[in-house]
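Chemist: Residues in the sequence shown are numbered from 1 upward in steps of one, following my numbering.
For the record, the hints were derived by calculation from the structure and aren't laboratory data. Keep in mind that a hint or two might mislead.
Here are the computed distance ranges between Cβ atoms for each label pair [said to hold, decoys possible]:
no.: 1; residue 1: G44; residue 2: S102; range: 36 to 46 Å
no.: 2; residue 1: S100; residue 2: S7; range: 11 to 21 Å
no.: 3; residue 1: W141; residue 2: H19; range: 52 to 62 Å
no.: 4; residue 1: R30; residue 2: R166; range: 52 to 62 Å
no.: 5; residue 1: G61; residue 2: E22; range: 27 to 37 Å
The structure displayed is predicted, hence computed values, not measured ones. Backbone N, C-alpha and C define an ideal beta-carbon position, used for all residues, glycine too.
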Amino acid sequence: MIAREVSLLQKELTQQRAHIYEKEINYIYRELSTISASASILGGFVYNSINLQGAEQQKDGPAGVLHCVASAITLVLNILAVVSSTFLSVWGPNVALRGSDSAMRSAVLTLRRERRFTLELFVGGIFFFFLSTASTAWLYWDVAAATITTLLMAAGIASSVLMYVRSLLAMTY
Numbered sequence: 001m002i003a004r005e006v007s008l009l010q011k012e013l014t015q016q017r018a019h020i021y022e023k024e025i026n027y028i029y030r031e032l033s034t035i036s037a038s039a040s041i042l043g044g045f046v047y048n049s050i051n052l053q054g055a056e057q058q059k060d061g062p063a064g065v066l067h068c069v070a071s072a073i074t075l076v077l078n079i080l081a082v083v084s085s086t087f088l089s090v091w092g093p094n095v096a097l098r099g100s101d102s103a104m105r106s107a108v109l110t111l112r113r114e115r116r117f118t119l120e121l122f123v124g125g126i127f128f129f130f131l132s133t134a135s136t137a138w139l140y141w142d143v144a145a146a147t148i149t150t151l152l153m154a155a156g157i158a159s160s161v162l163m164y165v166r167s168l169l170a171m172t173y
């Protein structure tokens, strides 16, 4: 009788654990979708900026080089964030659903770790997006407008870093 109750409790515990893992996978999936959509939008802005610069007179000098490098890095980081989000969204739930109980746990742990990496790619893309925007101001606007824009972009970078650090400290578990 006791052995039967132990067996039933173990089965119930396994079902509850699977239910919790399923909830976490769904949450991470939604999070990755948000990152992917946001990174796509930023990547589109930068791609448009690169194309506009190429269509107009080519700008030489440090501002032109900074713009090209920052835009390229922004584009690469945001595309990598989209690719990572897509792969994780497809493969993570697939492994969890088709594998054993241990496969579900492994999928959740992998998704947690890779989600953080994907978020770091996106945050890097935001940083270089601000830098690309500031360099665009120096390419096309007068000194006063470029200086104000650069200061605003620096404030944006500082605010983004502050929000990222605050969320990491507040959301540790």
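Chemist: Next step is simple, just say for each hint if it's right about the structure.
Modeler: Going down the list of hints, with the structure as the test:
no.	hint	result
1	G44 to S102: 36 to 46 Å	holds, 40 Å
2	S100 to S7: 11 to 21 Å	holds, 18 Å
3	W141 to H19: 52 to 62 Å	holds, 56 Å
4	R30 to R166: 52 to 62 Å	violated, 21 Å
5	G61 to E22: 27 to 37 Å	violated, 55 Å
Hint violations for this structure: numbers 4 and 5, all remaining hints satisfied.
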